[in-house]
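Chains A and B supply the protein sequences, listed in that same order. Read in order, the letters of the first sequence are residues 1 to 133 in this note's numbering. Read in order, the letters of the second sequence are residues 1001 to 1175 in this note's numbering.
Keep in mind the hints are simulated off the structure, nothing from the lab. Please read these numbers as outputs of a predicted model, since none were measured by experiment. We put the CB at the ideal spot given by N, CA and C, even for glycine. Mixed in with the good hints there might be a few duds.
Have a look at the derived ranges for each label pair, beta carbon to beta carbon [said to hold, decoys possible]:
#, chain 1, residue 1, chain 2, residue 2, range
1, B, F1007, A, L117, 20 to 26 Å
2, B, I1026, A, A112, 26 to 32 Å
3, A, D59, B, A1113, 37 to 43 Å
4, B, E1160, A, M106, 29 to 35 Å
Heads up, simulated DMTMM-like pairs for lysine to aspartate or glutamate below, C-alpha to C-alpha not over 25 Å straight-line [to be verified]:
#, chain 1, residue 1, chain 2, residue 2
5, A, K81, A, E29
6, B, K1031, A, D18
7, A, K41, A, D59
8, B, K1031, A, E46
9, B, K1031, A, E29
10, B, K1031, A, D95
11, B, K1031, A, E104
12, B, K1090, B, D1107
13, B, K1031, A, D61
Footprint (simulated), chain A over chain B, 3 or more residues, beta carbon under 8 Å [to be verified]:
#, segment
14, 1034-1043
15, 1124-1136
16, 1155-1165
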Amino acid sequence: MRRWLVALVLVAAPVLADSNLPPARYANEQLPDPRQEAAAKALMEELRCLVCQGQSIADSDAELAGDMRAMVRQRIAAGEKPEAVRAWLVGRYGDWVSYRPPVEPMTWPLWAAPLVLLGVGAFLLRHRFRRRR
Amino acid sequence: MSRAFRFVPLLVLLAFVGFVAWRLAIPNDEKIRSRLTGQPVPAFSLAPATQGIAGLSSKDLGTGQPRLLNLFASWCVPCIAEAPLLDELKRQGIPIDAIAVRDRPEDVAAFLARHGNPFERIGSDRESRVQLSLGSSGVPETFIVDGKGIIRYQHMGPIEPGDIPNIRREWEQAR
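All chains, full assembly: derive it from the sequences and hints.
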């Protein structure tokens, strides 16, 4: 009995959480125009995957990320500006979906952080420089 | 260095430990909600997802009374768990339409035959295009669209037995 159970576990296939449809056109296929492809690629690297939230859609293997890449490429091929595509997605998912945070009161600490940290570093080091003299 | 400053590293450590403990106790909500709640349903028109059931367009929503719009897929395991609860909502008199995401007609038919069909219309969204335009980030998800075609509520993930009263209340409020 036990041996059979082990054998069954060994041959068991994981349940697939993916659809049976092939990837959308342009999910994994470049645009024929290299300039449009470069613009699409640059945008895809700055859009966040909704499923695997730490990856860009350019890096993600999730099906929804593939569909997002297809949408980005098709819209850019149709002549839309990359920033318009980004704005369309931000309008639906919020700033979260874009890896390029906007400059607004809410994100000022983020943009000011490098300068503040430099200042703190200089403050901490000032004694050291004095001692060396 | 003055005596008071000696404890600064300890305080920093305590603050860090406190922050980590807080986040472990109350994990961050990673749901990405649609920003379209409170806004009109974006225009779309989808072909029927399977034979014998009409397709779905945005014009079929917002026809005077609120409707549920369920995003599901035959390949989605939590959607199976959700199916009897959608049946229950339909039994309570709540009209439900659906969008089948990345699905094939024969698979949708088999899913409905096995798990029941509470849907009046089912549109086929083969490249997740309408799903993206709704601000939805996965299946299953359920929107409540009021009689004027405004999205009033978004439920993310499968509907569980405990969610029924809340969904019912949101639907009543959308009237």
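Outcome of the hint check:
no.: 1; hint: B:F1007 with A:L117: 20 to 26 Å; verdict: holds, 22 Å
no.: 2; hint: B:I1026 with A:A112: 26 to 32 Å; verdict: holds, 28 Å
no.: 3; hint: A:D59 with B:A1113: 37 to 43 Å; verdict: holds, 39 Å
no.: 4; hint: B:E1160 with A:M106: 29 to 35 Å; verdict: holds, 34 Å
no.: 5; hint: A:K81 with A:E29; verdict: holds, 20 Å
no.: 6; hint: B:K1031 with A:D18; verdict: holds, 20 Å
no.: 7; hint: A:K41 with A:D59; verdict: holds, 11 Å
no.: 8; hint: B:K1031 with A:E46; verdict: holds, 20 Å
no.: 9; hint: B:K1031 with A:E29; verdict: violated, 30 Å
no.: 10; hint: B:K1031 with A:D95; verdict: holds, 14 Å
no.: 11; hint: B:K1031 with A:E104; verdict: holds, 23 Å
no.: 12; hint: B:K1090 with B:D1107; verdict: holds, 22 Å
no.: 13; hint: B:K1031 with A:D61; verdict: holds, 20 Å
no.: 14; hint: 1034-1043; verdict: holds (count 3)
no.: 15; hint: 1124-1136; verdict: holds (count 9)
no.: 16; hint: 1155-1165; verdict: violated (count 0)
Consistency with the previously given hints fails for numbers 9, 16, ordered from lowest to highest.
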